[in-house]
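Number of protein chains: 2
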Amino acid sequence: MSETESRAGRRGGREARRAMRAAPLADNQRPVWPGLEGGRYKPLTDADIQKIHHAALDVLENIGMADAIPSGIEVMTKVGAKLQSNGRLTFPRALIEDTLAKAARKFPLYAQDPRYDMEPWGSKVYFGTAGAAVHIVDPITGDYRESTTKDLYDIARIVDTLDHIHFFQRAIVCRELTDPFEMDFNTCYASVFGTTKHVGTSWVAPEQLEASLQMLHAIAGGEDKWRERPFVSQSNCFVVPPLKFAADACRCLEVAVRGGMPVLLLSAGQAGATAPASLAGAIVQEVAEVLAGLVYVNAIKPGAPAIFGTWCFVSDLRTGAMSGGSPEQALLSAGAAQMGQFYDLTAGTASGMTDSKIPDAQAGYEKAYNHALVGNAGANLIYESAGMHASLLGYCLESLLIDNDIIGAVQRTIKGIEVTDESIAMETIRQTCLEGPGHYLGADQTLRLMQTEYVYPLVGDRTTPKEWVEQGRPGIVDRAIRKTRQILTNHFPAHISMAVDDSIRERFPVRLPREAMRKTAAAAE
Amino acid sequence: MSETESRAGRRGGREARRAMRAAPLADNQRPVWPGLEGGRYKPLTDADIQKIHHAALDVLENIGMADAIPSGIEVMTKVGAKLQSNGRLTFPRALIEDTLAKAARKFPLYAQDPRYDMEPWGSKVYFGTAGAAVHIVDPITGDYRESTTKDLYDIARIVDTLDHIHFFQRAIVCRELTDPFEMDFNTCYASVFGTTKHVGTSWVAPEQLEASLQMLHAIAGGEDKWRERPFVSQSNCFVVPPLKFAADACRCLEVAVRGGMPVLLLSAGQAGATAPASLAGAIVQEVAEVLAGLVYVNAIKPGAPAIFGTWCFVSDLRTGAMSGGSPEQALLSAGAAQMGQFYDLTAGTASGMTDSKIPDAQAGYEKAYNHALVGNAGANLIYESAGMHASLLGYCLESLLIDNDIIGAVQRTIKGIEVTDESIAMETIRQTCLEGPGHYLGADQTLRLMQTEYVYPLVGDRTTPKEWVEQGRPGIVDRAIRKTRQILTNHFPAHISMAVDDSIRERFPVRLPREAMRKTAAAAE
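Residue numbers (my numbering), protein chains in the order written: chain A, 1 to 525; chain B, 1 to 525.
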């Protein structure tokens, strides 16, 4: 709240009060806010970073990428990539350096509501969802059931209300939709209707992306308006590690870049399976792959917005299964974030996946040490950060609320310790000890810092054991269930007009029933 | 295992195999080990550290400490402290600098079993228990019952078996013992009989400490042997923040220093209550208090071993209650660790307390983000790191096992990412992509790194949802309960001979029954 707004508020006008409530609190009046600057945790030294960078260039120059599609070969060879006799595309160092020089930097990721626009560069950190879970997890019984379009819409609605989830990327697969066109289209539909925050999603074929773009143009009020503020980005797995292009994804990549849609260049190798088991080797391969993607994007359209998406996953080497909650995962994602910073690109990575099937202590600790380290490393966009279980196979709506608390706390650590003459508090210490009451409970400083320096949980509990027993000994899951129900009963975003929705429903096979999108008498009970 | 030992093993001698099993694996054959070097997370800049240091010197010079006991005043004024007309002791900057110059550095903390000796200096990190919880928590029902000597012994036995808990400090109060002498003596007894790892505990009066020292001499085989390898340190709350000496603790401090027992100089202010609400101010006050304690110790005996114990706690400013699981706690403890490193002293701090009353997701995440950051900041001795709940009011044996997994994972992050020509894996990538199977599952490197680069949980779960359902959907608490029961049924340390125990029982009121200290037919069932 600016000084002006604050004064307006004091004048007591109804409009002014309404404006105040609508406007977010100014950053300095909240303990944490989106885009806090990380970078105090550095798993890689500068020398490590150089070594990884040069190794990635070697990989691209000498090994290169297999399976490029003809249109990709055409645009990439035109800028200097070489098609080798073994069918692989290799990338001379000069091409990578040239690409890095012209790649898009400092592009905002827009939201339907401009309050949620993000500026994910430098060491600024934003947290969001992501994933393609195929199950919804019941937090009490541990039941895993198939996820639906309605679930996706509900997750988006919950994200829309949570302070510490800054963007929404499609988290689950709409499994009741067997037609790929319907699935991709409705995934995008449920996401953009469910939240006004920035949305990310993916497509398996250009046709469904073209259709979705038409919907997005309609929502934006025209293609020009969409291109001014593209509020949906494409999560694009353009690579099948190790070092092979994915044909379908590449076709969608080309459409997105030409359609003004930012692209998350996502390489999701798994150390020990599709990437080297050594953490450094896994990062080298991922960096090489994403740099190849960056060449691709810039060959189509120089300076098109692309996110450096090194998502190095981890295998449990005993079984080969993914271990998203492992500490090796924290190291890989934090190291990957540092590489993105080194290139001064928007660095997107994954954190907060857990191997646990339910929101138990394991889910809590695996998410938390990953977030604490990846966040403090200064990753710009942290995907998979809330709700995910079973190493990306299951999604739990109640966990979203729990994870929102984890992220709020981690953001407080990212904000760090302010060391100034005022915060050193010499005069407060002197007065308290020599003149005052011998404690700081009622000190001016204490009251002043209550809202700005301390963050409080939404579903986390800080009662005494006595109070807790009186409340019936609730665990955090109990509180999350209650709060989730409240949100789903009451929060139905209405930022897209009925008329626009009608026009979309006339042209496309929308499968989310209107009834699911508004408060009903039954739901309100 | 060294090359020599390995060859001996292959020769097949029974003795050699026995020696191999007894010897710990060499560090480079395990993924993590005690004393890994942290320091990659730095919440404070060098300038911040300087500012805090100088402010702490100002506090000591201008405000000083109240309530020193006569013997303390005598030794401290002798080295240069000033007794002011308001009764406070102040400390000229030169005295602090002089003290810092002669303070003990690089002293090991010994264990009854030399395998567990610690070298807590530089940025080496060790995790242990601590606390004075008054309740034992049932992890299923959430029942809080009064803690007993038997519980303390059981906790020590569990710690004795866990890889990632490196020392044992008294965690609970023996509440059935109402006599202070019996309580202090038996606390020490149950601890040193329950584990061969380094023990920390505290005393409220010199008499019980003197008696305990006699026991420790007997266990060591004489006072000289004890003084050579003191395997118990004294946790000493010599200060009542803000800036007042605690009389009883000071008396015990003097006995410990003269008795060759390392002292943990513990200042446990609570930001917003007994320390400033600003995090920087809280650290300033704590640093000043512990420096005063350091003057005290070195005034008694120059170079006596003392641990720089800045345990800055946090208040929830809305209620004044302690919030041990808060993110502000992580910042305070990590910042305090940096201050200890700045002084090149052994830095002890607290991490892993949770506000949750039970081992739920909240307990998991609060412990994990604290450990991840405090551990990576390079705190030398991390107390309160396992088992604690309800901001130090409750202790849960099963949580010890869960927290052991958290610490193992955090240690893996402390070990970091090795970036060498070998780990860069260029040749492995080349072979896999150009000649090999297109994946790394069976690569030489993968098999080689399975044990050394990846850490695996003890009670954490990595099964697939399908396997998990087949197992009956256990949460981590279920697995911890089973494993805890196994340990308590089977692990009874017998490192102290029956004869020594007899001699102790003859002279002192030991209240832990012999039956609790050995496997019974019933227990073995």
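The reader is advised that the hints may include incorrect statements.
It does not matter which identical chain is used: a pair holds within one copy or between any two.
[Said to hold, decoys possible] Here are the simulated SDA-like cross-link-like pairs (lysine to any residue), alpha carbons at most 25 Å apart as the crow flies:
| hint | residue 1 | residue 2 |
| --- | --- | --- |
| 1 | LYS225 | GLU470 |
| 2 | LYS102 | PRO509 |
| 3 | LYS124 | GLY39 |
| 4 | LYS82 | GLY436 |
| 5 | LYS301 | THR520 |
| 6 | LYS225 | ARG175 |
| 7 | LYS51 | GLY39 |
| 8 | LYS82 | ASP248 |
| 9 | LYS150 | VAL134 |
| 10 | LYS466 | LEU488 |
| 11 | LYS244 | THR464 |
| 12 | LYS301 | GLU515 |
| 13 | LYS244 | HIS439 |
| 14 | LYS124 | THR520 |
| 15 | LYS106 | LYS483 |
| 16 | LYS483 | THR319 |
| 17 | LYS124 | ASP46 |
| 18 | LYS466 | ALA499 |
| 19 | LYS301 | ILE49 |
| 20 | LYS415 | TRP33 |
| 21 | LYS124 | ILE49 |
| 22 | LYS124 | ASP58 |
| 23 | LYS415 | PHE342 |
| 24 | LYS244 | ASP113 |
Just so you know, these hints were derived from the structure itself, not from any lab. Note that the coordinates shown come from a computational prediction; the quantities given were computed from them, not determined experimentally.
- [ ] Find the hints from earlier in the document that the structure breaks and name them by number, from lowest to highest.
- [x] 1, 2, 5, 6, 10, 11, 12, 14, 15, 18, 19, 22 and 24
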